[in-house]
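A.B. asks: This is what each chain is made of:
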Amino acid sequence: MDLLIVWDTLPAFLAAIPTTLLLTFSSLALGLVMAVPLAVLRISKNPLISMPVYGFVVLFRGTPLLVQLFLIYYGSGQFREFFEAAGLWTYFRDAWFCAILALTLNTAAYTTEIIRGGILGVPHGEVEAARACGMSGLLLFRRIVLPKAARIAFPAYTNEVIFLLQATSLVSLITITDITRVATVTAARSFDFFELYIAAAIIYIILVYGLTGVFKRIEHWMSGHLRERPGAESPAQGKAAVESVGGLR
Amino acid sequence: MIDLHGYGWMLMDGLKVTLLVGVVSLALAILFGLFGAWGKLSSSRAANRIASTYTIVIRGIPELVLILLIYYGSSTAVLRISEALGNKVRLDLDPFTAGVITLGFIYGAFTTEVFRGAYQAVPVGQIEAAKSAGMGRILMLRRIILPQMMRYALPGLGNVWMVLIKATALMSVIQAEELLRKARIAAGATREPFTFYFAVLLIFLAITLVSMQIIRYLEAWAERGVRRA
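Chains as they are written, first to last, in the numbering used here: chain A, 1 to 249; chain B, 1001 to 1229.
Pulled out of the complex, with its shape left as it was, chain A reads as follows (with noise of 0.2 angstroms):
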């Protein structure tokens, strides 16, 4: 073991962090943006409308992000006379565009199924008394149904932000020095690939573990008005929340 190569490197990633955290983040923001209209259409009963959004949904969930990244960073310069007449190379041509595109298409699919799964479950009684108190279409919308959606959405939206974190990695293959590269191209150099691939997963696990227990905290306080009051609480749920970490992409 050379754990001395690992404190060497800890500076590189300790500044790739950021990167890592930047691309989660930005991808999830511009993605959740895209999903809520995404999700509302999807729900639509008319099928030319619910039917290219699923379309959608089914070609980003059922194919390999890496594919995904691949197509749109490399397959982008089969066709680089188009996009530069069109002025948009130089943007193809840069690996953080590529990487942030393909992350958020992914993501915006993934997200919209679990915001319909929220809107579904919204109880069909809190949409007929808005509609008694006169609400309709949009207020309707922003003020109960969303809100609700949100909520009950919530835990299955902790997961889909604990897997971009993860799948931010493979933007490592497309030359973005994110914390798996750092390992990488450290290792390349020094072939201590054992000890610096530990340190990445190491950087993962507590990025991931901290990153759920910000959720949680989040989560708890979108439900204070469901929860008992204080000292009723069951002692079941703090340990219900630690196994409910993590789930399958």
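Keep in mind that the hints are not guaranteed to be accurate.
[What the hints assert, rightly or not] Far from chain B by the CB rule (all over 10 angstroms, computed), these chain A residues:
| # | residue |
| --- | --- |
| 1 | F13 |
| 2 | L14 |
| 3 | K45 |
| 4 | L138 |
| 5 | A156 |
[Claimed, not checked] Covered stretches of chain B (in silico footprint by chain A; criterion: 3 or more residues with CB under 8 angstroms from a CB of chain A, positions within the stretch not fixed):
| # | segment |
| --- | --- |
| 6 | 1058–1065 |
| 7 | 1183–1194 |
| 8 | 1199–1213 |
None of these hints come from the bench; they were simulated from the model.
Glycine is no exception: its CB is placed at the ideal position from the N, C-alpha and C atoms.
We have chain A; now place chain B onto it with these hints.
C.D. replies: Just chain B now, kept in the frame of chain A:
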């Protein structure tokens, strides 16, 4: 249609490797999952600890990092340890083996949860009835618990398969001759990266859609004896 410039056969070879990797990794993941679930449900505290640590650690590490760690790291680690013990041992995992072991190990953590949930879904009354009918532990496991567990586990396992088959694309990073790696070679030779990556995208989409149908069929088959209201 897409013109593959005669590289279509190469993609087909890659597809075979991808599917083989997927099936072998799934089998391995089921094996790890059964052990993991046994550990989580066991009354032994040590087994609990090991199984929980396994699932918690695996879920915190990106698949790519684990694949790189096992493929490149294991040979360094074995060499270092054997050097410390006085003799040199070389361990050279081929990409296929390293990839299958890693994917099996990663998705074993997910099947652990699937099997644990499935075991808990078997009604306690049935286990009591089996005991009172005089069945021993092994017989009860074989006749009562496992058959029902498999039915409850099926949707979860289907989910794991869909995720796992996509994750096989990561093995291209360690030069396993699967679909994406073949496409990379073909893209380099023809200078048409979009054509080949798009073909791979469509192949994966086809795998997903076919898998969805098969899983739906299997679930219907497994529930053929369930009475519905």
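A.B. asks: Now tell me if each hint is right for this structure.
C.D. replies: Hint by hint, here is what the structure shows:
no., hint, in the structure
1, F13, "12 angstroms, holds"
2, L14, "17 angstroms, holds"
3, K45, "23 angstroms, holds"
4, L138, "35 angstroms, holds"
5, A156, "14 angstroms, holds"
6, 1058–1065, "holds (count 7)"
7, 1183–1194, "holds (count 6)"
8, 1199–1213, "holds (count 6)"
Checked against the numbered hints given earlier, the structure satisfies every one of them.
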